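Undergrad: Model the full structure from these sequences, guided by the hints.
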Amino acid sequence: MCNANARWRIGIDVGGTNTDGVILDDDDRLVAWTKTPTTVDLVFGIATALRQVLAQIDMRDGVIASVVLGTTQATNAVVERRALDRVGMVRIGAPVSDAVPPLAAWPDDLSHAAIVASTTVAGGCLIDGNRIAQLDRDALKRYFGGLAGTVDAIALSGVFSPMYPDDELAAADIARQALGDIRISMGHQIGQLGLLERENATALNAALGRVGHLIVDGLLSAMDELGLTVPPFIAQNDGTIMDAATAMAFPILTIGSGPSNSLRGAALLSGVDDAIIADVGGTTTDLGVLTDSFGRESTSGSAIGGVSTNFRMPDIISLPYGGGTVIRGDRVGPDSVGHQLRECALVFGGDIATLTDAAVSHNRMSLPGVRPPAAAEFHRALEEFDEAVTDAVAALAVHKRRLPIIAVGGGNTLIPEHLPGLGEVLRVAHADVANAAGAASAMIGATVETVAPMSRRAAVLDDAKNRAVAKAVAAGAHPDHTHPVAVVETALGYVSEPAVRLKIKAAGPIAQRVRV
Amino acid sequence: MSATLTSIGLADLDDYAFGCAAFGTGGGGGVAPSVIATSAALRGYGAVDVVRLEDLDDDALIVPLSSIGAPTVSAEMLGSGAESVRIRDLVEQRAGRKIDAVMASEIGGANGVDPVRWAAELGVALLDADGMGRAFPELPMVSMNVAMVPPGAITVADALGNVGVLEPINPDWAERWTRAVCVASGSSAVMADYVMTAGQARGAVIERTVSGALELGRRVRRADDPVAELVDVLGADRVITGKVSDIQRTTLDGFVRGTITVLGLGSDAGREVTITVQNECLVVRDGATVVATVPDLIGLFDATHGEPVPIESVTFGQRVAVLAWPCDPLWRTERGLQIAGPAAFGLDLDYRPLEASHV
Numbered sequence: 000m001c002n003a004n005a006r007w008r009i010g011i012d013v014g015g016t017n018t019d020g021v022i023l024d025d026d027d028r029l030v031a032w033t034k035t036p037t038t039v040d041l042v043f044g045i046a047t048a049l050r051q052v053l054a055q056i057d058m059r060d061g062v063i064a065s066v067v068l069g070t071t072q073a074t075n076a077v078v079e080r081r082a083l084d085r086v087g088m089v090r091i092g093a094p095v096s097d098a099v100p101p102l103a104a105w106p107d108d109l110s111h112a113a114i115v116a117s118t119t120v121a122g123g124c125l126i127d128g129n130r131i132a133q134l135d136r137d138a139l140k141r142y143f144g145g146l147a148g149t150v151d152a153i154a155l156s157g158v159f160s161p162m163y164p165d166d167e168l169a170a171a172d173i174a175r176q177a178l179g180d181i182r183i184s185m186g187h188q189i190g191q192l193g194l195l196e197r198e199n200a201t202a203l204n205a206a207l208g209r210v211g212h213l214i215v216d217g218l219l220s221a222m223d224e225l226g227l228t229v230p231p232f233i234a235q236n237d238g239t240i241m242d243a244a245t246a247m248a249f250p251i252l253t254i255g256s257g258p259s260n261s262l263r264g265a266a267l268l269s270g271v272d273d274a275i276i277a278d279v280g281g282t283t284t285d286l287g288v289l290t291d292s293f294g295r296e297s298t299s300g301s302a303i304g305g306v307s308t309n310f311r312m313p314d315i316i317s318l319p320y321g322g323g324t325v326i327r328g329d330r331v332g333p334d335s336v337g338h339q340l341r342e343c344a345l346v347f348g349g350d351i352a353t354l355t356d357a358a359v360s361h362n363r364m365s366l367p368g369v370r371p372p373a374a375a376e377f378h379r380a381l382e383e384f385d386e387a388v389t390d391a392v393a394a395l396a397v398h399k400r401r402l403p404i405i406a407v408g409g410g411n412t413l414i415p416e417h418l419p420g421l422g423e424v425l426r427v428a429h430a431d432v433a434n435a436a437g438a439a440s441a442m443i444g445a446t447v448e449t450v451a452p453m454s455r456r457a458a459v460l461d462d463a464k465n466r467a468v469a470k471a472v473a474a475g476a477h478p479d480h481t482h483p484v485a486v487v488e489t490a491l492g493y494v495s496e497p498a499v500r501l502k503i504k505a506a507g508p509i510a511q512r513v514r515v
Numbered sequence: 000m001s002a003t004l005t006s007i008g009l010a011d012l013d014d015y016a017f018g019c020a021a022f023g024t025g026g027g028g029g030v031a032p033s034v035i036a037t038s039a040a041l042r043g044y045g046a047v048d049v050v051r052l053e054d055l056d057d058d059a060l061i062v063p064l065s066s067i068g069a070p071t072v073s074a075e076m077l078g079s080g081a082e083s084v085r086i087r088d089l090v091e092q093r094a095g096r097k098i099d100a101v102m103a104s105e106i107g108g109a110n111g112v113d114p115v116r117w118a119a120e121l122g123v124a125l126l127d128a129d130g131m132g133r134a135f136p137e138l139p140m141v142s143m144n145v146a147m148v149p150p151g152a153i154t155v156a157d158a159l160g161n162v163g164v165l166e167p168i169n170p171d172w173a174e175r176w177t178r179a180v181c182v183a184s185g186s187s188a189v190m191a192d193y194v195m196t197a198g199q200a201r202g203a204v205i206e207r208t209v210s211g212a213l214e215l216g217r218r219v220r221r222a223d224d225p226v227a228e229l230v231d232v233l234g235a236d237r238v239i240t241g242k243v244s245d246i247q248r249t250t251l252d253g254f255v256r257g258t259i260t261v262l263g264l265g266s267d268a269g270r271e272v273t274i275t276v277q278n279e280c281l282v283v284r285d286g287a288t289v290v291a292t293v294p295d296l297i298g299l300f301d302a303t304h305g306e307p308v309p310i311e312s313v314t315f316g317q318r319v320a321v322l323a324w325p326c327d328p329l330w331r332t333e334r335g336l337q338i339a340g341p342a343a344f345g346l347d348l349d350y351r352p353l354e355a356s357h358v
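Residue numbers (numbering that gives the first Met the number 0), protein chains in the order written: chain A, 0 to 515; chain B, 0 to 358.
Note that these hints are calculated values from the structure, not bench results.
It cannot be assumed that every hint is accurate.
[What the hints assert, rightly or not] In silico SDA-like pairs for lysine to any residue, Cα to Cα no more than 20 Å straight-line:
| # | chain 1 | residue 1 | chain 2 | residue 2 |
| --- | --- | --- | --- | --- |
| 1 | A | K464 | A | H477 |
| 2 | A | K502 | A | N465 |
| 3 | A | K140 | A | N129 |
| 4 | A | K502 | B | I168 |
| 5 | A | K140 | A | R175 |
| 6 | A | K502 | B | A74 |
[Said to hold, decoys possible] Have a look at the derived ranges for each label pair, beta carbon to beta carbon:
| # | chain 1 | residue 1 | chain 2 | residue 2 | range |
| --- | --- | --- | --- | --- | --- |
| 7 | B | D245 | A | R6 | 55 to 61 Å |
| 8 | B | R175 | A | E386 | 55 to 61 Å |
| 9 | A | G422 | B | T249 | 28 to 34 Å |
| 10 | A | D350 | B | G43 | 51 to 57 Å |
| 11 | B | E137 | A | N75 | 45 to 51 Å |
All values reported here derive from a predicted model rather than from experimental measurement.
For glycine and all other residues, C-beta sits at the position ideal for the given N, C-alpha and C.
TA: So this is what it looks like as structure tokens:
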């Protein structure tokens, strides 16, 4: 089955309910797969999944070329306000945005969990590059001096810093002089224009330092247990992956990687590039749009743990229905026993009626040796589910084409064979491990953002493309196969010289390397 | 109608901002940054008094205020919080007297929300009126200009602390000079123009728009059927309910231009309407038939929740209700149409009042 020189890629996806693992061969075929309950101990869960997929291949036939992890650890940390680092926040740009202090709109419990202090100092630039004021170095020295011993990380956010990063870089030097080798999160590396959202994302990223290390160390420890010495990669929100160093510096980028992996995995498993993807899990069904084999992104920013950011995430409609959704008379959910489906559901001998029971009783799912339970409310519950899915598909779809629907995830067969008025429902092999397949197949991605006056647009664009490619290659992408994959150009109005904001994404496959 | 509005406090802000966004007809700038800044001000200074024009003496001094600049910049420079004070000080110094109220020059979008913050910072009342009854992209497109009130001296303050007075020869030069100053300040500034007495303002401003925006938000945000409530409160026509099927959108010279196509669903299945946009929604056509044109108001609202949808965030497949409702009669005068009718936007169309298409 495998040639002697196969290069296998492993993908692991740690979800809320299950941890999935797959191995892909050179031709993107699945040669091993597993699904195992997610454990509290991250290392144990990853190692279990790795062990189970490695047991399915003969190591004499090839080598493991890469291991990619997708995880919701960072999302959980922010949502649950735990394992967060203590952050000192600095805005550079007084007085032009003093009307709204930094992090003003944060929920109190999140501020309390993550933010030690915040201040605003003079500095920063206007959109045309003219200085607002000289950077107030003395104020920074005093502020950082006062924080010694009370913070784990510093967040720096300068007005117009994505265009003019100098003051953030200078402030980072001052912070290191005062606080030693401390983690520093800088706005110009994190976000786009939009001060408050960028500031929020920069502070969240600073607070996630420990979680970033936990993710990378967890993966490395699990790999060590199994003797895997290839470089580890972590999935990020745009459907590409990053190296360990990038993941530790920018843990916030892991937020939203789950839906991206599921969309990319569905594309890989089905060979279809344009479709609606329905990912049916234990608690929710997430629907998104696959366009040219990448997930369609939302046009507006997204809120993380009650804080608005300008990260563009996959455009997902999340419905409160999954395989573990509890049915009580006329009520379907929103509570779910997704975690303990195999103990609680009627079909598994438990005493709770779930959507899985309804699906089995109406022949959407078949479980060997299980007698379908019967209940009058099952038909109505499935009708409610079908209606919610139909509405979501209609809301996502563009009218010009009736897109096929690809059902993935552990509960994929909850989606019926036919939904009236919608495109055909495609069944794909291994749909239940689509997320891990998406992670395993992902390319290494890197993004560069810059602003160019129209007169120098072409030169700046070329330079930015080269920098994006170089950044992806530095992260481990193959130099011969890494290319710019997307250029987003936004005109800036009412400025002295017309200008455009350029965002360039480059991506390429993983180059073969050995971890040192 | 509800009881006379006498103040706007923190608890009213989200409702009020909803109304401002609705009157923005897709433009006027996103209200979110202004809501954050205004809530900080209301927390610090307390609720703002709202006064009606008829309750002011003829010689009461009214200061219309607005932000000007690029949306990209306003998301980065949120203001120092001292602009309103600098403008007031200069206006009072030149007038030799205290001001009595501030007014929103433009109720639609962010410029409807910010005057609440400025009134709070200054500790003066907010007039229950504005200069548009909606959003428009240029300074001369205000009711005071229609009523031949001169723009007078223009006071401009930026976030760095610069402040000055311009005395342009006419409304077009007011636009040109103010823009130049604004660009010099990093494309972000606050300005006062058409500073006038209550006597001058009578018949020259569009009244009850602050209370109208608040009431709209209050009712729609609590309604079982938000779109039906919008139709009822605004006296609007429901042009179509459907799905966004095409978006042609370009940004040029700070203006968003293009078309949005909505394909009917449900009882509107089989129909298709096209909306011409230039920052705001300007024209809506049902097939080839013009249903409504500027200065009548045209807006896109979320078909389920009734939230106003800004043009820059319209997405494919989004379910929307397209509503059109009549503008203030002042805009339908000959001079009103000259200033803000279809021709003022370079559209080769005759204005027909929205109601004329009901037959």
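Undergrad: Determine for every hint whether it applies to the structure shown.
TA: Status of the hints after comparison with the structure:
The hinted pair formed by K464(A) and H477(A) meets the criterion: a straight-line CA distance of about 16 Å does not exceed 20 Å. A hinted pair counts as satisfied when its Cα atoms are at most 20 Å apart, and K502(A) with N465(A) qualifies at roughly 12 Å. In summary, the hint linking K140(A) to N129(A) is not supported, as the alpha carbons are separated by about 24 Å, beyond the 20 Å threshold. Annotation: proposed proximity of K502(A) to I168(B) is violated, straight-line Cα distance about 43 Å (limit 20 Å).
Taking the CA atoms of K140(A) and R175(A), the gap is about 10 Å. The hint holds against a cut of 20 Å. Between K502(A) and A74(B) the alpha-carbon distance is near 18 Å, which keeps this suggested pair within the 20 Å criterion. For D245(B) and R6(A), the Cβ-Cβ distance of about 44 Å falls outside the hinted range of 55 to 61 Å, so the restraint is violated. Checked against the given bound of 55 to 61 Å, the beta carbons of R175(B) and E386(A), roughly 56 Å apart, stay inside it.
Checked against the hint of 28 to 34 Å, the C-beta distance between G422(A) and T249(B) comes to roughly 31 Å, which is consistent with it. At roughly 56 Å, the beta-carbon separation of D350(A) and G43(B) lies within the given 51 to 57 Å, and the hint holds. Restraint check, E137(B) to N75(A): a C-beta distance of roughly 49 Å satisfies the suggested window 45 to 51 Å.
Hint compliance for this structure: hints 3, 4, 7 are not met, and every other hint is.
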